[in-house]
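A.B. asks: What follows is the residue order along each chain.
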Amino acid sequence: MGVLELVVLTMNYVGVFAFAVSGALKGIDKNMDVFGCAFLGLATAFGGGITRDIIAGNVPPLAFRSEPDFIIAIAAITITICMYRKLANAVGLLPYFDAVGLGAFAALGGAVALNVGLGPLGVVFAAMFTGAGGGIIRDVLAGEVPLVFTREFYATAALIGGAGLYVLSWVTTLEVAMFVSALSTTILRIASIRFGWNLPRVKMDG
Amino acid sequence: MGVLELVVLTMNYVGVFAFAVSGALKGIDKNMDVFGCAFLGLATAFGGGITRDIIAGNVPPLAFRSEPDFIIAIAAITITICMYRKLANAVGLLPYFDAVGLGAFAALGGAVALNVGLGPLGVVFAAMFTGAGGGIIRDVLAGEVPLVFTREFYATAALIGGAGLYVLSWVTTLEVAMFVSALSTTILRIASIRFGWNLPRVKMDG
Amino acid sequence: MGVLELVVLTMNYVGVFAFAVSGALKGIDKNMDVFGCAFLGLATAFGGGITRDIIAGNVPPLAFRSEPDFIIAIAAITITICMYRKLANAVGLLPYFDAVGLGAFAALGGAVALNVGLGPLGVVFAAMFTGAGGGIIRDVLAGEVPLVFTREFYATAALIGGAGLYVLSWVTTLEVAMFVSALSTTILRIASIRFGWNLPRVKMDG
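Residue numbers (full-length UniProt numbering), protein chains in the order written: chain A, 1 to 206; chain X, 1 to 206; chain H, 1 to 206.
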């Protein structure tokens, strides 16, 4: 395994952790029991990838064959449930860990689509949904309109990373393309947090 | 390609356009940003067909391989976002375009189920869900109880079209069966709008 | 077919009936029309199994090939719609019928996962989601936060049944394993109703 691949894989583990924490926190926020919090944590961490694999015909989905990812997610959920009051101080950091994961999720999701021979449309969708799908599923299960539909520059960062991956996959190795794609998405997302980027709304007076 | 097939295909494009507009309008109504509006537009136009293809084992779903449909949906979403204030006068026509699409979606959805060898149950479900599934997904993503569950004669029209397709497929060519099925669904749906048909509710005092 | 298999199959039919009734009742409660009530009834009875089959690559899902199950569900929905006022007295029994079904659904779901060669994670998830997934889908379609996320010892009973099935499948025949698993889940669930078990919530002051 090359060094760049190792970087993307490490970013992926950071993302699984951050996504699982965000799902469990949403469950706590909605006053769910421990099963509900665990389900929301797992759905946030793996829902995007499972949907992508189902659409790509890649079944059973990767998530059911990735023991390390599962163990990391369960650890993240357990820590969140046991120490959520103490975590309050660290919650401000969550979007940054989440951004690291978003980049890896988008790059890995796009790579799965490339591997099964999907075209540009499929690759960009797979990157976007692997990154943003978990959060969409989390919010629907919590009875809310998905956050990424109303605020912030989030899914769009994954979308751009997916487009970059597709273009780069023609001119360089997949490993380099994934590394650059993951890094670009993460940097775009972090910049959007720092500078308060939002996509325009259509109804200005809403 | 025969003339009847061409009619059904044209109806399908009208439907992709109308479904994408209705999804984008729902996003605007919910004060979503442009990404949310685009996602809702695409989910409304293609969500029913994608779900049908996943259930039928027809992956990657047709929607990811239909460039013309995708371009039409993106055009519909762009027009809706850019001119939604001016569209207000045209919104009253939307249900009629939608009805044209519903017929084509149901007939094409039922034909996919016939092609993969599903029985009557599968054909009727595929027709109904290809037609009504996009709207169900749109409403769930917008945090609402799906409209087709509470009002109007909509999914039932697609269901009848699917049943007609299945019966006709035994006595005539698939092309004729699809044409008659699509037209029947559309006529039923338009009649229901004109005459204010609703399915009975169970709880009369609700 | 052995006697134990017959018991599990009978339990499954009881479950299909109870699940379809609970979905149709939710539709009535939400003031839906007959189509909405029927859709919710079918989604509750078959949604968990359909999702499991899609994830396991077992398409078209079993539910589209099981005529007896479908007929039972339609009968349950029809009875519920026609006699829901008279049913009010019987609704208190529903959780017990539901518990019988939960056991069978979990055991049958876990067995499907074993058959396609999934590991312990997949078997436990399949058992849990086959049992609890229908109710989750029902509540999301009705615009509510799924009940199993916030209250009661329900999905956890199916989860334990799935784990039992996996362990037992190594030491005895699949038929015996399924019988013991189904019975354990049902007994656990009924005990939880009788004794008011709930999983702990994380936010105690919520």
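Watch out, some of these pointers could steer you wrong.
If chains are identical, the list can't say which one is meant, so a pair holds when it fits in one copy or spans any two.
[What the hints assert, rightly or not] Capping the alpha-carbon separation at 30 Å, the derived lysine-lysine pairs in DSS-like fashion look like this:
| # | residue 1 | residue 2 |
| --- | --- | --- |
| 1 | K203 | K86 |
| 2 | K203 | K30 |
| 3 | K30 | K86 |
Because the hints were derived from the structure by calculation, they are not lab data.
A.B. asks: Now tell me, hint by hint, if it's right for this structure.
C.D. replies: Structure-based check of all given hints:
{"no.": "1", "hint": "K203 to K86", "result": "between (39 Å within a copy, 13 Å between copies)"}
{"no.": "2", "hint": "K203 to K30", "result": "both (29 Å within a copy, 9 Å between copies)"}
{"no.": "3", "hint": "K30 to K86", "result": "within (18 Å within a copy, 35 Å between copies)"}
Going down the numbered hints, you'll see the structure goes against none, and every one checks out.
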